[in-house]
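Q: The listed protein sequences correspond, in order, to chains L and A.
Quick note: the first sequence uses the numbering used here, first residue 9, plus one each step.
Quick note: the second sequence uses the numbering used here, first residue 17, plus one each step.
Source of the hints: derived by calculation from the structure; they are not laboratory data.
A few of these clues could be false.
What the hints assert, rightly or not - Cross-link-like lysine to aspartate or glutamate pairs, in silico, EDC-like; alpha carbons within 20 Å at most:
| hint | chain 1 | residue 1 | chain 2 | residue 2 |
| --- | --- | --- | --- | --- |
| 1 | A | LYS228 | A | ASP209 |
| 2 | A | LYS60 | A | ASP260 |
| 3 | A | LYS228 | A | GLU163 |
| 4 | A | LYS64 | A | GLU43 |
| 5 | A | LYS137 | L | ASP167 |
| 6 | L | LYS165 | A | GLU140 |
| 7 | A | LYS137 | L | ASP156 |
| 8 | A | LYS148 | L | ASP167 |
| 9 | A | LYS137 | A | GLU153 |
| 10 | A | LYS151 | A | GLU163 |
| 11 | A | LYS137 | L | GLU153 |
| 12 | A | LYS137 | L | GLU246 |
| 13 | L | LYS91 | L | ASP156 |
| 14 | A | LYS228 | A | ASP52 |
| 15 | A | LYS151 | A | GLU195 |
| 16 | L | LYS109 | L | ASP95 |
| 17 | A | LYS157 | A | GLU129 |
| 18 | A | LYS60 | A | GLU195 |
Claimed, not checked - To list a few chain A residues with every Cβ distance to chain L over 10 Å, as calculated:
| hint | residue |
| --- | --- |
| 19 | ARG53 |
| 20 | SER89 |
| 21 | GLU105 |
| 22 | ASN119 |
| 23 | PRO135 |
| 24 | LYS137 |
| 25 | PRO141 |
| 26 | TYR174 |
| 27 | SER179 |
| 28 | ARG190 |
| 29 | GLU195 |
| 30 | LEU259 |
| 31 | GLU277 |
| 32 | GLN285 |
| 33 | LYS286 |
From the three backbone atoms N, C-alpha and C, an ideal C-beta is built for every residue, glycine too.
Chain by chain, the residues:
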Amino acid sequence: MFGIDVRQKAWSAGLIVLFFVAWELFCLMTGMSDLVLPRPSQVFLTLFQRFPVLWPHIVQTLATTMFGFVLGVALGAIIGVSKTAYDTCYPLLIGFSSIPKVAVVPIFVLWFGSGTVPAVLTALSICFFPIVVNIATGLATTEPELEDVLKALGASKLDILWNVGLPRTMPFFFASLKVAISYAFVGAVLSETVASNRGIGNVMMTASSNFNVPLVFAGLFVLAGLGVALYVVFSLIEGRVTGWATRKNDVIAT
Amino acid sequence: MRMQPNAQFDGQPVPEGATATAIELSEASVTFGRGDRAVPALSKTTLKIADGEFVALVGPSGCGKSTILRLVSGLVQPTSGVVIVGGREVAARAMRVGMAFQNPTMLPWMTIERNIMLPLKIVEPFRSNFRKLRKTEFRDKANALLEQVGLNGFGNRYPWQLSGGMLQRANLCRALIHEPRMLLLDEPFGALDQFTREELWAILQNLWMTHKPTVLLVTHDLREAGFLASRICVMSARPGRILDDSRVGFARPRTVAMTFEPEFVALNQKLRTFIEDARSAAEQEAG
Numbered sequence: 009m010f011g012i013d014v015r016q017k018a019w020s021a022g023l024i025v026l027f028f029v030a031w032e033l034f035c036l037m038t039g040m041s042d043l044v045l046p047r048p049s050q051v052f053l054t055l056f057q058r059f060p061v062l063w064p065h066i067v068q069t070l071a072t073t074m075f076g077f078v079l080g081v082a083l084g085a086i087i088g089v090s091k092t093a094y095d096t097c098y099p100l101l102i103g104f105s106s107i108p109k110v111a112v113v114p115i116f117v118l119w120f121g122s123g124t125v126p127a128v129l130t131a132l133s134i135c136f137f138p139i140v141v142n143i144a145t146g147l148a149t150t151e152p153e154l155e156d157v158l159k160a161l162g163a164s165k166l167d168i169l170w171n172v173g174l175p176r177t178m179p180f181f182f183a184s185l186k187v188a189i190s191y192a193f194v195g196a197v198l199s200e201t202v203a204s205n206r207g208i209g210n211v212m213m214t215a216s217s218n219f220n221v222p223l224v225f226a227g228l229f230v231l232a233g234l235g236v237a238l239y240v241v242f243s244l245i246e247g248r249v250t251g252w253a254t255r256k257n258d259v260i261a262t
Numbered sequence: 017m018r019m020q021p022n023a024q025f026d027g028q029p030v031p032e033g034a035t036a037t038a039i040e041l042s043e044a045s046v047t048f049g050r051g052d053r054a055v056p057a058l059s060k061t062t063l064k065i066a067d068g069e070f071v072a073l074v075g076p077s078g079c080g081k082s083t084i085l086r087l088v089s090g091l092v093q094p095t096s097g098v099v100i101v102g103g104r105e106v107a108a109r110a111m112r113v114g115m116a117f118q119n120p121t122m123l124p125w126m127t128i129e130r131n132i133m134l135p136l137k138i139v140e141p142f143r144s145n146f147r148k149l150r151k152t153e154f155r156d157k158a159n160a161l162l163e164q165v166g167l168n169g170f171g172n173r174y175p176w177q178l179s180g181g182m183l184q185r186a187n188l189c190r191a192l193i194h195e196p197r198m199l200l201l202d203e204p205f206g207a208l209d210q211f212t213r214e215e216l217w218a219i220l221q222n223l224w225m226t227h228k229p230t231v232l233l234v235t236h237d238l239r240e241a242g243f244l245a246s247r248i249c250v251m252s253a254r255p256g257r258i259l260d261d262s263r264v265g266f267a268r269p270r271t272v273a274m275t276f277e278p279e280f281v282a283l284n285q286k287l288r289t290f291i292e293d294a295r296s297a298a299e300q301e302a303g
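So here's chain A without its partners, still in its complex pose (with noise of 0.2 Å):
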């Protein structure tokens, strides 16, 4: 079969080679750092991302998660080794990505929906028109997906006035509203309450499904991996490098009480093993 550029993903897994390569790291490193002081936070990782897919990246704690996130953004230059991003090796600039921390980095200055416009007035082909547009399509367009995460008429609030749970689905909004082919979460529900927390998983796969946007999320949450990825990668402590690369094939639109039941239950012990091993490997070389 021939490689499809833009070819669309269904959701489902697919054979290998039969989507567009979206991320592609070879032999990636970063060092931290220079001499006696370096800091290695990730070694020698080789990943492939097809385009359209929902990857998690799990692992224990500082093991170079975040770090692979920066890489493909462009926030960070790989030590060695090459990253490749939408077909083209990154470069100082970055492309077309949309971003979410853990912290929703609101700015404090702006009123929701002037934070959520915040991309349209940097990214092109929108930025030329931001000025002509912003008080009409602009607008209609960061209320339209307020609506859809649930945040009807908070537009014109400021941040500080929304909670935390209101904030990350605002970030969520914002990391979307110039089309990326690309979001990057960066544990975006790490400091949120449970409930809130599978609430907010429920809304960013309906976002997932109706936008098809690659996605690479780093989480701690084994159940959140699980219930909203469709290609889970277990990372080993650091400096990291991918112990594991499963599929899940859980059916969409999935729900929390899936989360219960005996397969998926399975699959989350199977990726703890795996971090527990990590975690005392590398206490034993740490001891």
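Okay, chain L solo, but in the shape it has when bound (with noise of 0.2 Å):
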């Protein structure tokens, strides 16, 4: 079982390694001009020479991204946790939802002006929804057995979603996280490109208008590391949390 994990990370590591080696190779075999596609390599160089100017950008994102992210959490999983609730918001949150988000940007610029706070409620609007979904099905899918053993014993409604709810409802939850953390990277971002002096976003929009393309490019790779290490961040909680709905791993076992 040992081997097999490791022989698994070590294809996943070479795909990677192969997806640039064979766009650094595309790009020099085809003389490809570096407005068009920058060569990896490149990239990798404009963002360690950009860094220090890179970095404010980079905390502007995470930080907009985060606090939509957390508030996007909160109101999930308010509306998601009373079944009553989520009954009456569905029909309007599967109608909110459809809108893209790029069309709403521009009223909350009008109404909150350029900058920040559009960016927070960009990212919070676009990664609630899984987050409402999910808690809502894994409080609705509990074994009723499970919840009769606390209703025999007298216990409160409190009692029984504290105790057998929302412990049965984690892997839900975070599966759902994974998923919104990406979707509240893309509604902050998005923000940043149509209306911010800051951010990442923005950053890309500029360095496009000054046809610096591995800036552009260095814009999506560190957008893309970013994904990636909050992914692995709530990998690991969840790993420590819902251990036992993936029992196979003896992550928590004794």
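Combine both chains into one complex, guided by the hints.
A: In structure tokens form, the structure reads like this:
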């Protein structure tokens, strides 16, 4: 089992390396202009050289994303936990989540001016829907037998929610968090691209209007890196909290 | 003789009215659904169980045996009639009852020990002290019960690491940890193999003889009913009602060998005839 795990990881790492090598070779062999598609080595070099300039923008994007994400999780959890709230809000939520968020950003900008607030709101509005749906699904699919054990003891609804409903829902919740964190990034960057003077989205817009294509790609790499990093963080927390649901690995056994 | 509340039951049949009534159903009916879709599950059942009795409910499947348990535990309300448990009419919130189902329903995110301590987290007077005592007194309590059912040292395992029989033993511990006056068992050994089942009969008998709760056991297994119960009620097919109510006088502790003696086999056969008649009556009605 250990050997298979290591081999699997080696294949994954190999694929990433292969991807960049193939990209580099493709650019070299076709003599591609770096105005169209820069080589990965150029992108990494730009990223390294411009990092001090990029850093505040990274912080800005990360902060707005996390802020929007935390608000989204809170709102999603509140609606998802209450069956009444969920059933009442559901049609409205579907309608709202069907609106492309690009269309909403100008309205946020109109209300709150350009900058941080629209980015936070866009991140929030785009990421909370999967959280609501997953928490509600987790609670709805809780086995009635598990609840009966507590009901027969005279437990209150809150007792049941706290001791059975919520722990049972954790695997669903974490699955949705991993989706939601990338959504939150999309939302924040989207808003920064349209109306902001800070953040990675803004850096990429400025760079592309200056034909500084390697910097545009450096921005993409930063976003991908941040996305992966946060995904990993949530996976680690998930492993600790919901190891019982994926019991094949012995993470929490004894 | 005057009624004495909380009189202890010595495990032998006692004259009617000698002890306090633990459970009383009078003309209780339960119907699920309404209008055309209404399904009668239990029709006008009257049943009286004394404090400390061990009663087994047997009958054809789907006859409403489990419905009686759910009535007593307060999980289901009677459509008509009255259910009185421990001197009070069963309201929306149930009282100090221990319950075990066929499915052990251990919460998969908790260790066995914490699963067993779950009732202490919910039921007063333990609830108020749970934070203070969960690492000391309550844990010892859980481990003492685990020892009694032969699960020494399994307290810090997770449910998936235990076999079905072990989980069912843990389930019995959880049903007993808050010292309930009443134990409701819904086919607790139904999913186990013959040998494990017989082993658990002895364990349950042992637990009953030390803790002396009132037990209501629903089962399909007539040998199980005869081995464990001090009284057996036979129910008719859906909608259920009680056809026969007989006492079992075999001395305790009973052994598996006893279940092959002629007297025991005769009891089995008598019960069997009742259930077969109930089944064929139901089939005729349906046909």
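Q: Does each hint fit the structure? Answer for all of them.
A: Tested hints:
no. : hint                  : in the structure
1   : A:LYS228 <-> A:ASP209 : 27 Å, violated
2   : A:LYS60 <-> A:ASP260  : 15 Å, holds
3   : A:LYS228 <-> A:GLU163 : 18 Å, holds
4   : A:LYS64 <-> A:GLU43   : 11 Å, holds
5   : A:LYS137 <-> L:ASP167 : 9 Å, holds
6   : L:LYS165 <-> A:GLU140 : 16 Å, holds
7   : A:LYS137 <-> L:ASP156 : 15 Å, holds
8   : A:LYS148 <-> L:ASP167 : 18 Å, holds
9   : A:LYS137 <-> A:GLU153 : 13 Å, holds
10  : A:LYS151 <-> A:GLU163 : 18 Å, holds
11  : A:LYS137 <-> L:GLU153 : 18 Å, holds
12  : A:LYS137 <-> L:GLU246 : 25 Å, violated
13  : L:LYS91 <-> L:ASP156  : 18 Å, holds
14  : A:LYS228 <-> A:ASP52  : 44 Å, violated
15  : A:LYS151 <-> A:GLU195 : 19 Å, holds
16  : L:LYS109 <-> L:ASP95  : 23 Å, violated
17  : A:LYS157 <-> A:GLU129 : 10 Å, holds
18  : A:LYS60 <-> A:GLU195  : 31 Å, violated
19  : ARG53                 : 20 Å, holds
20  : SER89                 : 4 Å, violated
21  : GLU105                : 15 Å, holds
22  : ASN119                : 6 Å, violated
23  : PRO135                : 5 Å, violated
24  : LYS137                : 7 Å, violated
25  : PRO141                : 13 Å, holds
26  : TYR174                : 6 Å, violated
27  : SER179                : 15 Å, holds
28  : ARG190                : 8 Å, violated
29  : GLU195                : 13 Å, holds
30  : LEU259                : 27 Å, holds
31  : GLU277                : 36 Å, holds
32  : GLN285                : 34 Å, holds
33  : LYS286                : 32 Å, holds
Comparing the model with each numbered hint stated earlier shows that hints 1, 12, 14, 16, 18, 20, 22, 23, 24, 26, 28 do not hold.
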